[in-house]
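Student: Both chains come to you apart, so use the hints to assemble them.
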Amino acid sequence: MLRIEGVHTFYGAIEALKGVDLHVEEGEIVAMIGANGAGKSTLLMTICGVTPARRGQIVFDSNDITAERTDNIVRRGIACSPEGRRIFPRMSVLENLRMGALTSDPARYDDNLATVFELFPRLKEREGQRGGTLSGGEQQMLAIGRALMSEPTLLLLDEPSLGLAPLVVKQIFEAIHRINSQRRMTVLLVEQNAHHALRLAHRGYVMVTGQITMTGTGRELLENPEVKAAYLEGGHA
Amino acid sequence: MAYLLQQMINGLTLGSIYGLIAIGYTMVYGIIGMINFAHGEIYMIAAFVAVIAFTALSNAPLVVAILLVLLFTMLITAAYGWTIERVAYRPLRGSFRLAPLISAIGMSIFLQNYVQLVQGARNKPVPPMVQGGFTIMDDGGFTVQLSYLQIMIVVTTVVLMVCFTQFINTTSLGRQQRACEQDKTMAALLGVNVDRTVSMTFVMGAALAAVAGVMVTLYYGVVDFYLGFLAGLKAFTAAVLGGIGSLPGAMLGGLLIGLIEAVWAGYFSSEWKDVAAFSILVLVLIFRPQGLLGRPEVEKV
Chain A
232 MLRIEGVHTF YGAIEALKGV DLHVEEGEIV AMIGANGAGK STLLMTICGV
282 TPARRGQIVF DSNDITAERT DNIVRRGIAC SPEGRRIFPR MSVLENLRMG
332 ALTSDPARYD DNLATVFELF PRLKEREGQR GGTLSGGEQQ MLAIGRALMS
382 EPTLLLLDEP SLGLAPLVVK QIFEAIHRIN SQRRMTVLLV EQNAHHALRL
432 AHRGYVMVTG QITMTGTGRE LLENPEVKAA YLEGGHA
Chain B
4 MAYLLQQMIN GLTLGSIYGL IAIGYTMVYG IIGMINFAHG EIYMIAAFVA
54 VIAFTALSNA PLVVAILLVL LFTMLITAAY GWTIERVAYR PLRGSFRLAP
104 LISAIGMSIF LQNYVQLVQG ARNKPVPPMV QGGFTIMDDG GFTVQLSYLQ
154 IMIVVTTVVL MVCFTQFINT TSLGRQQRAC EQDKTMAALL GVNVDRTVSM
204 TFVMGAALAA VAGVMVTLYY GVVDFYLGFL AGLKAFTAAV LGGIGSLPGA
254 MLGGLLIGLI EAVWAGYFSS EWKDVAAFSI LVLVLIFRPQ GLLGRPEVEK
304 V
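Protein chains in written order, with my numbering: chain A, 232 to 468; chain B, 4 to 304.
The hints are simulated quantities; they were obtained by calculation from the structure and are not laboratory data.
Heads up, some of the hints might be wrong.
Said to hold, decoys possible - A short, non-exhaustive set of chain A residues, derived as facing chain B with CB atoms under 10 Å:
hint: 1; residue: 311
hint: 2; residue: 313
hint: 3; residue: 322
hint: 4; residue: 439
What the hints assert, rightly or not - Under 8 Å between C-beta atoms, here's a sample of chain B residues computed to sit facing chain A:
hint: 5; residue: 67
hint: 6; residue: 178
hint: 7; residue: 181
hint: 8; residue: 182
hint: 9; residue: 185
hint: 10; residue: 188
hint: 11; residue: 191
hint: 12; residue: 192
hint: 13; residue: 195
hint: 14; residue: 227
hint: 15; residue: 288
hint: 16; residue: 292
hint: 17; residue: 293
Think of the CB as a built atom: it goes at the ideal place given N, C-alpha and C, for glycine as much as any other residue.
Isolated chain B (complex conformation) (with noise of 0.2 Å):
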């Protein structure tokens, strides 16, 4: 019991990375109906500029720098989603349908490659900043722990995703994404500037990646250019888990697969956990492609 609960903690703090990233596969999806294969890059490049910022406010109060450092991080991959879908994706708008995923794949591969050169292939550790946490149980000999970094990750994912769920509902950019997303023709006529839209909704995704990124460079507290990757692709079967399209969906999705990958790991074999995850995958795509809370692909107009 105490032992399923502790993994369950570490599965929710995993899963709410997942969920973070996942918002940004769903919601490129929503827009142009692509999956961005660059997006987990995205999310590796924000840790690596969190291990570098980090480095260089390593004097700073705490609470300052953690903050600051969201703050240049989400800065930064804003500019690097900009970028990918000026490179990737626009200028192959209208071509067919599988150039702009191709185009993506290569940006992704890119990407790990110019991280690798510049930044070297060896791992970069952080020392550990936030530490400590409270005993919630104790369980003759097990006892769980929920530290104030799990505690600082849910929290702040929470806060992000209903924050985040607000704006799409209620501000007009959010309004001209979501029009943009059932009818980019009419949404034209309407004024909306598509292009602009578009790109705004790879910012988008990009800042949420960060504050995923920042997160596991506090988690884990090593980063290697190669992680954005695994990532990159549980991110996605959360969001395909979850409907991709839905935002809900997403993050629910990433809740899940971190789940079943923490009980997994700690019940039968950490190094078959991935397998479990995309074991997921296939099982959805067979059996509810439209994902948890997706919408059927017919619809009534």
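Chain A with its partners taken away, still in its complex shape (with noise of 0.2 Å):
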């Protein structure tokens, strides 16, 4: 579905993403992982056009999207909840899931909206509120439940669990989970979180100063010596 190759993507003079090759199947929840300033962010902002990539091609649904602008990338069924919310903060809890609806077909606008109160049930009783006056926990269901509004093929989720109670986290995953099993929905999720984020993950792969060191199953990773090391054993489990 997502088929990424050889792609560098550099800020100014700095190359923050150094050759990566990934892949996404249908259906699928890939974890990424890797310290902070890894490249992680920036590969989702560049799978998005955001920060174009400079070399390399990105390959969704086989049409290639690698310089595309990113409203048009996201209208062929990508959503991103990216780093750091970016919840419009004066907007109305309703009026940000409506911008999350802007590219998705009017006539399913109610179905959605049941879709994500039924999901992360606060949104409904924060409905009427400011976006900047929510709590970190619940910008987050608001980011995501934006992102879902528009009836994405691939949510790309950016570290959903940053700052967040551990009970929180734990709703937020269990919804992330319910959005791949019972939506069919194909997830790339970002995480500094390697616990949680490898054990919902079919696969995951790891990120180290923009490259690609490691690859496999979540359960694989979870399990090897090397990740245990750098990522899971910080506490974070």
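Tutor: Below, the structure written as structure tokens:
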């Protein structure tokens, strides 16, 4: 479904991605783990065309989207809950969700809204509240809900657990699991919380300073001694 | 008392015109964080287009003529607004912050000179069209007049502002504009065509300035190529006073600047009325830089 080959991305003179190859197949949850600054978020922004790749190729549903403009990429069925969540702070929860529905069929709006509220009942309670006044966990739910409103075929999630209480993290990961298993949605998940991410994912990649260093099924990576030493024994679990 | 009332009526009329122009400043600032210094010129061009169109329609019934002129002027200035964004702003997006500012000032000078060359440097008059009004107070020889034209200007402004606020708050395009104003990257990630939305903002601001241009043509009956400079600066002052980036702020700021100017001109000296308006700008920038209804820079996200 998504195939990335030899992608290099630069911020000015700094090379953030140094030849990344990866693929995501339909129906999978794929986790990308790695330390802060490894280039995980850059990868998602490169897929979305926000920081376009300077070299390499990104193919989505057999279309080359490497040089496409962000809004056109999104219209092909990719949705993103980005780093920092980027909720519109001066819009209500409902307006944020409406913005998410911009590219989907208006006739399906009510159904999609019901699905999001069913997944995150908290958002329904907060419907009229301004995005900027939500708690971190609520903002994360809203960011994922907003992404789901566009009925994407591929969902990109950037650090959905960042800065959240363990109980909220659990809720969020359960929600991702349900989205994938019940709605057959493909998910590419970027996480520092390797334990949760790899348990949830079918497959995983490890990124170190802009390069993929390891790949395997979620279970393989969880049990890999190097991964254990580097990402799992810092008290995350 | 009667004299003050008269000045306030005049001030509200003038303030409505400033308010309409100020919206264009505030919206463009909201979405790209730049002051569009060519915006005053849009208003001036609207006034010229109105003179030409009124002359062409001099035999038509007055109401029809005004409506047609409004529509025509809005279309023309919308095209100017769109072009200004394309020529002076878009190529410079992403370059250093002062670059678009300088190019907008260049655009402003260009438009002034272009109109001067094409239309001549002399004033262009139009005959008074909307005449008459009410005498609402007679106080020992001083009569307070409220003309039909003043009523028309204020009512048109209020109606337009209400419709416009509704448009921004409830339509999809309005939501997309607010989304771009708050976070352009995220807006693009949700499928908003950011370039097109920015263009639309220039177009809408220009269309409102066009209404102001038509109104001022009717009100003063004379236009010149330099008209946009001072009015543009005052509308900019109004936008800053109300809180740049805030729509209700622009309307409030416009009305206040109009009132201050008229009352100052009535009681002190009309030669110094511009000083009054711009002193406000200085005072606001020193003591309340976010303006009356603006939000402070810092916010919790």
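Student: Tell me the numbers of any earlier hints that the structure contravenes, in ascending order.
Tutor: 4, 5, 14, 15, 16, 17
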